[in-house]
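Novice: These protein sequences, in sequence, are chains A and L.
If you use the numbering used here, the first sequence corresponds to residues 109 to 508, in order.
If you use the numbering used here, the second sequence corresponds to residues 1325 to 1466, in order.
Between beta-carbon pairs, the in silico distance windows are: (1) A/Leu385 to L/Ala1465: 36 to 46 Å; (2) A/Gly474 to L/Glu1391: 53 to 63 Å; (3) L/Thr1459 to A/Leu225: 37 to 47 Å; (4) A/Leu427 to L/Gln1444: 24 to 34 Å; (5) A/Asn378 to L/Val1464: 27 to 37 Å; (6) L/Glu1391 to A/Pro424: 16 to 26 Å; (7) L/Gln1431 to A/Leu442: 26 to 36 Å.
To spell it out: a stretch of chain A is covered by chain L in this simulated footprint if at least three of its residues, at any positions, have a beta carbon under 8 Å from a beta carbon of chain L; those stretches are: (8) 143-157; (9) 372-380.
Anything over 10 Å on all C-beta distances counts as not near chain L; from chain A, calculated: (10) Leu117; (11) Thr123; (12) Ile127; (13) Phe166; (14) Gly319; (15) Ala456; (16) Ile459; (17) Phe460.
Hints listed in this document are in silico derivations from the structure and should not be mistaken for laboratory results.
Every residue, glycine too, gets a C-beta built ideally from N, C-alpha and C.
Spelled out, the chains give:
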Amino acid sequence: MRSMNALLLSRWFPTAFQILFVIAMVAFSYLALQPIRRAETNPATAAIWTVWWPLLPFTVFFLGRLWCALCPAGAMGDWVQRLFPTTRPMAPTWVQKGGTWFALVGIAATGLAFLALALESNGPLTVIFLTMISMGAVLLALRYKDRVWCRWFCPLGITLGLYSHLSLLEVRADRVGNKPATGQSCPQFTSPVSHLRHRDCILCGVCVKAGEAVAVQSSWWFRKGLKVPSLTWMEALTVSLLFGLLAVDSLRMTPLYLDYMTWALPVTDNYRLALTLGGRGVGARRLFRELSLVLIPLVFALHLAISAQHLVAGSPGVLQGVAVELGLLSSGHLPPDSAYFINLPLKAFQIFLLALGVAGMLYLDGRWQVNSFGWRRLLTRAAPGLVMVLIFLQPMSAVC
Amino acid sequence: MAKAGWVVILFFALSALVVACGRDRTTYGDLPDYAFRSEAALSGYKTAVKHRALLTRLPCYCGCGLEPRYMSLADCFFDSDSGYNAHAANCAVCLEEAEDAALWYGQGMSLSEVRQGIDQKYQERGPSTRTPPITLGEEVAQ
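Could you put together the complete structure from these sequences and hints?
Specialist: Structure follows, in structure tokens:
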């Protein structure tokens, strides 16, 4: 924790990282638009969607929403506010509420882009995605004070925020610091002492640098128990939507997906429609607020499991592609005859994650339960997790 | 009632999974199931079926030429023994080449022009298959 607090106090944090990531984003955006010279697929899009994107949920577990402090979009918003210093109003309530629904639509649109438009291998679409995120942050930063985009509008931020309940780190009130922990300096409009919304804390260090009596500490939730406050309707829908998208993404990487498509395509005669309908079918379940809250550990575990698949199975190919494109390796490859494989250590890790997710679900459900926790409730609560375990027991592909 | 509904849903979901796992691989038309891996794969295999004769005269630059059985782009999609080859379903280069070849041929380019275009665009993507060169005036066999 000391090194983490020292990092937050450092004058280079987070600006140095933000500059690096902005440069990286611009460079990757440029490369994503270039024709492929030697690699099999565009190395820029592959690096973004097969390395950075699956790595993010793992960073949330260890470092909370730290990515949001380093994010190039948020950084550009901060910089334009410094470039054009003026008194900006607080975002009104309708903007805040509208923003959360915008985030939900953004998650749905991103999921659809992956499923129906192959975002992970589409250079121009990737650039559009990155540009929209950046423009959203910049425009809102010009209009309102602090990080309105990150707090209410960003689809990625909302997702990471939900997962950050399970993070090992959080900023809490502490005896160090010469000012009381009021949260007035917080650009995320939250308070480090308000654990109700600590998922909005992005570990940017502004409150620490302002001398408030706060510090980064371990959340110790595995000792003290999970404390997940109630979700808004939007957040509950987000969890439900995330579960649907991740379940479809996981299914898509198994041979079960081929069975579905060979059945669905003669019916729809349209690939994207068949895929979208299947995805809607899996993700159409409306979950009430309480159940969505309980579902967070499983959704996070599922996200980690599918991300592990991309990282372990997909990223060596990405790194090879980058090396080939740079001329460090000779081009050409022999793809496997079968795209589906079982990597036992990876499979064991994924099943372990899902088991933890189910355990987390049952734990949270038991906490809020009034009546006794019978086997029927146990079965229905564990059902989504068990279905996901069955899916992950299938051989899986390295690419979608 | 809600609990019974949950049990029913779970039963059907598990049954569907078990049935799906045990089901024999069927085809959509003549296409094998691996052609449905992605929209690009499906489009590629359909293109290959339609332009098989064209693809037999074009080299593949994905690197498959390192194996002696791959003599042309068509060999990435078709297998002399079982009909289809899963190779192209897992290779973006093969799928791209097939789409480009079909597009250019459809735009009225001659066989040698298509071959030239493929050679120019893909030669850095990997070693070529040992596809015989196009002779003067040669056209795609119908």
